[in-house]
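Those protein sequence lines, which keep their order, are chains A and B. Read in order, the letters of the first sequence correspond to residues 1 to 227 in the numbering used here. Read in order, the letters of the second sequence correspond to residues 1001 to 1838 in the numbering used here.
The hints are simulated quantities; they were obtained by calculation from the structure and are not laboratory data. One thing to keep in mind: the hints can contain errors.
Distance condition first, Cα-Cα at most 27 angstroms in a straight line; then the derived DSS-like pairs of lysine-lysine [said to hold, decoys possible]: (1) LYS1012/B x LYS117/A; (2) LYS180/A x LYS207/A; (3) LYS1295/B x LYS117/A.
If you want the footprint, here are the derived chain A segments under chain B, 3+ residues with CB under 8 angstroms [as the list claims (entries may be wrong)]: (4) 55 to 64; (5) 68 to 82; (6) 86 to 92; (7) 99 to 106; (8) 110 to 122.
Where is the CB? At the ideal position from N, CA and C, for every residue including glycine.
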Amino acid sequence: MTKILNVRNLEKSYSSGSKQLTVLHDISFDVEEKQTFAIVGPSGSGKTTLLGLCAGLDRPGKGSIELCGTELSSLSEDERAVLRNQKVGFVFQDFQLLPTLTALENVAVPLELQGAKNASEVAKGLLEKVGLGGRFDHYPSQLSGGEQQRVAVARAFSNQPSILFADEPTGNLDAETGEKVIELLFDLNREAGTTLVIVTHDLDLAKMTQRILRLKGGKIIDTHEQH
Amino acid sequence: MWLMKMAWRDGKASGRKLILFMASIVLGIAAVVSIQSFGENLKDNIALQSKAMMGADYKIDLDKAPTEEVLSIIDSLGGARAREIGFTSMAAFPGNDGTKLVQVRGIEGGFPFYGELETVPPEAAQTYQEEGKALVDATLMRQLGLNPGDSIKIGEVTLPIAGALRSIPGSNSFFSSVAPPTVLPYGFIEETGLIQTGSRISYDYYFTAQPGTDLEQLDEVLDPRLDNLEADLDTHTSTSERLGRRYDNFGKFLNLVAFVALLLGCVGIASAINIYIKGKLKAVAVLKCLGATRKQTFMIYLLQIAGMGLLGGIIGTIAGLFLQQLFPLLLGDLLPVDIEMTFKIQIILLGILLGVFMAVLFALVPLIGTLYVSPLQALRVQTGGNKKKGKAELAVLGGIFLFILLFSYWLLQDWRYSLAFVLGIVVTFAILAGIARLFMKVIRENFPTGWGFPARQSLQNLFRPQNQTLTLVLAIGVGTFLISTLYFTKDVLLAEASLDAQTDSPNMILLDVQAGQEKEVEQVIKNSGNPVLDDIPIVTMRVQNINGRTVNQMREDSTSGINRWVLNHEFRVTYRDSLTSSEVLSSGDWISQVDNTNLIPISVSDNFAEDALVGVGDRISFNVQGVVMNTEVRSIRTVDWSQMQPNFSIVFPKGVLEGAPQFRVITTKVPGEAASAALQQELVRLFPNVSILDLRQIITVIEDLLNKIAWLINFMAFFSILTGIIVLLGAVRTSKFQRIKESVLLRTIGARSNQILKILALEYFYLGALGTLSGILLSLISSQLLAWLLFDTAFVPSIFPFLVLFPAITLLVMFIGLTNSISVIKSPPLVVLRKESY
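Could you build all of it, start to finish, from the sequences and the hints given here?
Encoded structure:
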């Protein structure tokens, strides 16, 4: 199988006052195309930072990340943004919809960034698919948490990404709504053939994926395949 | 295209906030545009009506009877089409008790050739010359209850009044209110008997030019020749340009006041955009996650702000163009011409571009923040600060400073003044910002823990995260500072002119008292029960040479640096043995008396010494009515010209000029208007050649003038206050959501509505009081500096700003703050908790 994400000897530090705080130590792993992959660990273990680096949201201190065949450290911030726009989808814990845009506009944004002419039609189709056909013109503040996350899922798939990163996608939802959103996420993922990388501390959710990577104190303590 | 779409979508949802930001600059733009446009219109109208103001194409004027050479130049120009002799004199009105100092204009010929001699009845303007009648200023006739057919007596001549004079080219309204114009046929001037030694008489010859005549060239050719003959050629264009320049200076000052209003609005924009962008940073991070580039996210908000600036510029420009229509009403007869308002495309463009540019420039500092937002922030990961951001912000601040400097240079056309203005702005803003920061620091370090909960909570609100303390103190402080500085300055100016402040000063000055008349005049004054304060001899003379160089040599030498007035002026010189109360010796020795006239030791005023480039030991020769007197400067005096008493540039010692042809100035102090009128009447009856200056009346005229100017200045300063209020509104509304959240929290844990109201009221009271008080105290310092450096006088601040401005502005701040926070108290907690902040 082709590797869509290849991480080697990754290290990341932040300066905190006069001290350097290392949040990730010597991380190496890879993710295959169309695989579902979970990063789990307790709070402060560095899993969200790892997700951000894998998606090209920041540069690592040391090591290399190859995403969709492109070495990220050789790209500028804007080049990484273009790569994200073409190949990457995101689902955030706190939904992160743009509050001044309607549900439809939120879903259309990634396509509009690509210059797609049919952004609105595609966005409508996706919203209908996630069960929000009647809520096109609603602003995020007019939607419930579960509805907002469904809009976010529709947005994540709108640019037909090769890989989708989800950061605690159920973290802000009750159990029942969370289950529904996860079901939707996995269904759409299967349908579109997208690679799915989920950061979570919910072991039940992690168990739904094909591979799990455990982090603790910024280090990998375990990776294993699930069958 | 997508950028425009995003900017529009996002802006639409934040519309209310953006409209408020826009309003911050609307008033500033309106103020700048109205002043600019009015100034341009005034200049154009003066230029258009220049012929009507002079009444001719050009004129030759001189202040002594023309010599043969001057007359031959006049002949060479084809002869004057009209001539005039003018002087000031007392006029009496037989059958009426009134007397009045008037500007007598004896006219021969068809003057004016342009413009109108407006009279009531209209035909009086055509007939007064052939009928041998006078035209008397309409206001004066109304004041004294005179009618056509009554008589006027000037000197030895009594003439019937043909009609009321409403306007005549060449009379300005300010001088007219001191000495109203009275027109006589030229032939009667000699008969008045007032053309005598010492009288200030002007001779004017009016010309019309053939079409196509190059007046500028004529001026260049003839003026130097006439200059040597102590005459002057004025064309209608040069006169109007001079007049335009005079109004230009006033316009520049008003422009600065308007510019300050605009800057204040920009500070409001910067602060409001700062909060606005802070609320958008999360969205920026998300957009970056979705693949938007740095430039794209930056441009979304830049476009919004530029759009807001454009709209603000358009609305401000339209408001400004309408506002300028008010200025003629405010200024009234201070304007030299009737103004026809037009809309100029360059002013419209200026207003619109200024709106876009100022909005973008001042929003850049917070906007730069979007460039450096890490997309990681969308994942709740905090990243460190960015050094590049700091550098970019510094560059933008440098740009702002440069722009203000360049714009003020464009307004003032003088680097020193522009730099001083920018430094003044920076210092004022820095002091106010310093006061706000110091206040917060002092409170934080000495927090009154013993106070009740509402008082403590409201104090804490002043330094909460994203607080608006600095912006509000700046906005309120600058507005108050402007208003109260203007108020104090007006105070200083009026105190300067006021007679009450100088109780020993004369309030009536008798000019042109002929030699030999003084004893009788003094007797009349004493008989009326009033004191004779001064009896000052005056001898007229002109500079003949300075340190061996003749006046003509100096005139021809363009590098001499000597001010022209020194060379052309007919000096009125006195002699005495002591200094007066308005003089201080600044260098040299005071010589009180001399016996020989070989080299006479004289004293000159410091401004004369500066303009004539002379110091102690330099030699000046004077032509005293044909006799040359050689003098040496032996002392220099600092003269307080603002003292309402006769002051002199040149003073001779006793023992030299006693035998020279001379006249006298006598001063007295008369209590009350009735006594003054009675004495004037008596003096005019007995000594028709004596002119009387009633200082009380002149001061009323000055006060009236200052009041009108103060009105206009207050009107412009009002823009600053209004802008301050809008900035305040913006700041209150921007932080409203935060307040709502806090109050909901407080209410959830049991705070009552009136407690929350009290917290908010106290918070706005602190802000209002701090801003207003800082502004007033700063204005005390600036007014003191102005009084010392510019007006050279003592400054006693009036209590008005403290009694009225302080409570009024503080209450206004509280009112605006509270009315905009009502929803804070009324909002149900659930609604608030569900609402997005941005």
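Now the hints, each set against the structure:
no., hint, in the structure
1, LYS1012/B x LYS117/A, "holds (23 angstroms)"
2, LYS180/A x LYS207/A, "holds (16 angstroms)"
3, LYS1295/B x LYS117/A, "holds (22 angstroms)"
4, 55 to 64, "holds (count 3)"
5, 68 to 82, "holds (count 4)"
6, 86 to 92, "holds (count 4)"
7, 99 to 106, "holds (count 4)"
8, 110 to 122, "holds (count 5)"
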